[in-house]
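To convert, count from 1 in the sequence shown and add 247; that's our numbering.
There's no promise every hint is true.
Quick list of the computed label-pair ranges, beta carbon to beta carbon [to be verified]:
(1) Lys443 - His692: 17 to 25 Å
(2) Glu762 - Ser444: 24 to 32 Å
(3) Glu630 - Ala708: 20 to 28 Å
(4) Lys533 - Glu630: 29 to 37 Å
(5) Asp737 - Pro257: 21 to 29 Å
Derived pair list, reagent style DSS-like, types lysine-lysine, alpha-carbon separation capped at 25 Å [as the list claims (entries may be wrong)]:
(6) Lys443 - Lys317
(7) Lys593 - Lys352
(8) Lys730 - Lys443
(9) Lys658 - Lys712
(10) Lys443 - Lys527
By construction, these hints were calculated from the structure, which means they are not laboratory data. Glycine included, each C-beta is placed from N, C-alpha and C at the ideal position.
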Amino acid sequence: MVRHTESGLPFEPVYGPSSLDGWDPAERIGEPGAYPFTRGVYPTMYTGKPWTMRQYAGFGTAAESNERYKQLIAAGTMGLSVAFDLPTQMGYDSDHPLAHGEVGKVGVAIDSIDDMRVLFGGIPLGEVSTSMTINAPAAVLLLLYQLVAEEQGVASSALTGTIQNDVLKEYIARGTYIYPPAQSLRLITDIFGYCKSEIPRWNTISISGYHMAEAGATPAQEIAFTLADGIEYVRAAVASGMDVDEFAPRLAFFFVARTTLLEEVAKFRAARRIWARVMKEEFGAKNPKSQMLRFHTQTAGVQLTAQQPEVNLVRVAIQGLGAVLGGTQSLHTNSFDEAIALPTAKAARLALRTQQVLAYETDVTATVDPFAGSYVVESLTDEVEAAALELMRQVEDMGGAVKAIERGFQKGEIERSAYAVSQQIDAGERVVVGVNRFTVEEEEHYEPLRVDPAIEDEQVARLEKLRAERDQGAVDRALAAVKQAASGSDNVLYPLRDALRARATVGETSDALREVWGLYTPADVF
248 MVRHTESGLP
258 FEPVYGPSSL
268 DGWDPAERIG
278 EPGAYPFTRG
288 VYPTMYTGKP
298 WTMRQYAGFG
308 TAAESNERYK
318 QLIAAGTMGL
328 SVAFDLPTQM
338 GYDSDHPLAH
348 GEVGKVGVAI
358 DSIDDMRVLF
368 GGIPLGEVST
378 SMTINAPAAV
388 LLLLYQLVAE
398 EQGVASSALT
408 GTIQNDVLKE
418 YIARGTYIYP
428 PAQSLRLITD
438 IFGYCKSEIP
448 RWNTISISGY
458 HMAEAGATPA
468 QEIAFTLADG
478 IEYVRAAVAS
488 GMDVDEFAPR
498 LAFFFVARTT
508 LLEEVAKFRA
518 ARRIWARVMK
528 EEFGAKNPKS
538 QMLRFHTQTA
548 GVQLTAQQPE
558 VNLVRVAIQG
568 LGAVLGGTQS
578 LHTNSFDEAI
588 ALPTAKAARL
598 ALRTQQVLAY
608 ETDVTATVDP
618 FAGSYVVESL
628 TDEVEAAALE
638 LMRQVEDMGG
648 AVKAIERGFQ
658 KGEIERSAYA
668 VSQQIDAGER
678 VVVGVNRFTV
688 EEEEHYEPLR
698 VDPAIEDEQV
708 ARLEKLRAER
718 DQGAVDRALA
728 AVKQAASGSD
738 NVLYPLRDAL
748 RARATVGETS
758 DALREVWGLY
768 TPADVF
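Whenever a hint applies, use it, and build me the whole structure from the sequences.
Right, here's the structure in full:
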């Protein structure tokens, strides 16, 4: 269907030399859907259908999160995105001493298949796409999801979604790691192999720059360190005996979208171009899908303010627009109250409505890569690419991403950038509306969503009931099999699946791996 402007003029699906006389970008930036994918990974992009609209949600108990997911689906979201609480992210059950005070606070508490069953109750897993922000225990949560789908009668081959599963960035910027890097990479390659056979439509990793950006990384640092991590994962999988074209089409990435719209668009275009060339030239990937950098975007939570929080609606709209103009495959728009507390239902709905306005009320979806040929965006794309490649070269000179992490290189670079921004804000050189300029004397009272502290007691009671009801002998035998696989070279996901089906908990299965692989302790590099 041909789209028209408000003046009744036709939009071209793709603009290029045939529509702009004298300009020929094909040699340098290619065409949409073609190597090196600077202009997008698909020929039609949003002219055929919009990006997947995901809303990141999860808090308190599985039942509360389930209710929020159903509200989001009713509001028109196309995919779910699960936030887990810190104990779950660290592989601890809700009754572990280290979990005290954190249960259900920044995400949903998931201790066992019982909780996962409640989390997705009444949601047809064969029809929705689910993203799970989980890293060190990603295998465990993915298997729980698969088991619940199995109970619903949904074939594993029908499941679609993504696990973040990017532990290298945890060592750099976020901190929810469990095992040492070598063992973490082994677990990730086991996930690649398992999903190839068992859950073939699942995106096995979302290599993430978002958290680096939230920690202070510049756009060039964000894509450089993210792509360097991606190279490390590909090398580990190839070293394990997998052919690159067997797993690379299921790799995905996760980036931030800031308010600096033009540079963000350039960043996304540069990242696609770098990754395509790395996969083709270094790893010999022949399948075009192996060369595509497909990515999810989240608007920049770190740029949202507790002061005058309604202004965040404007920030999020601009950030979301940047992600769309940059060619994202899916998008989460933050709620305007995120800087204060967990989003209220109204705020979450407004965030989704922001995406819907972009998709259905603007004309940015009428043509592919609207900024192609722009003097400023094409120049910025080249410049961001050059800066990122220089940082990637430095990582390579240190022996790759893991060696650079062990030396504290990425972390140090990001911290220096974060400090520079903080100084600029404090000095008033960088304007933050409502914080260092355009302030008000008295803020309006805002009532945030609060998590009931009684949730921890409820989760502890659920765990006690589970342990009293299950066949403990079967659990013990299954956990022993997990340890045996972890000690050798067998894929650990198969015995993990058996243990979880026997109602072993997230903490117990993680403990089994901790016992064999140990814990990672970062070196003091300063």
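How the hints compare with the structure:
1. Taking 17 to 25 Å as the suggested C-beta distance range, the pair lysine 443 and histidine 692 does not conform, at roughly 53 Å.
2. Remark: the range hint 24 to 32 Å for glutamate 762 to serine 444 is upheld by a beta-carbon distance near 27 Å.
3. Distance hint for glutamate 630 and alanine 708: a CB-CB separation of about 57 Å, inconsistent with the stated range 20 to 28 Å.
4. Take lysine 533 and glutamate 630: their Cβ atoms lie about 31 Å apart, and the range 29 to 37 Å holds.
5. Separation of aspartate 737 from proline 257 is about 59 Å and departs from the stated range, judged on CB atoms against 21 to 29 Å.
6. This hinted pair does not check out: lysine 443 and lysine 317 have alpha carbons roughly 30 Å apart, beyond 25 Å.
7. A C-alpha spacing of about 19 Å is found between lysine 593 and lysine 352, which places the hinted pair at or below 25 Å, so the restraint holds.
8. For the hint pairing lysine 730 with lysine 443, the CA-to-CA distance comes to about 23 Å; that is within 25 Å, so the pair holds.
9. Between the alpha carbons of lysine 658 and lysine 712 the distance comes to roughly 43 Å, so the proposed pair goes past 25 Å and is violated.
10. Of the pairs offered as hints, the one joining lysine 443 and lysine 527 holds, with about 21 Å between alpha carbons and a cut-off of 25 Å not exceeded.
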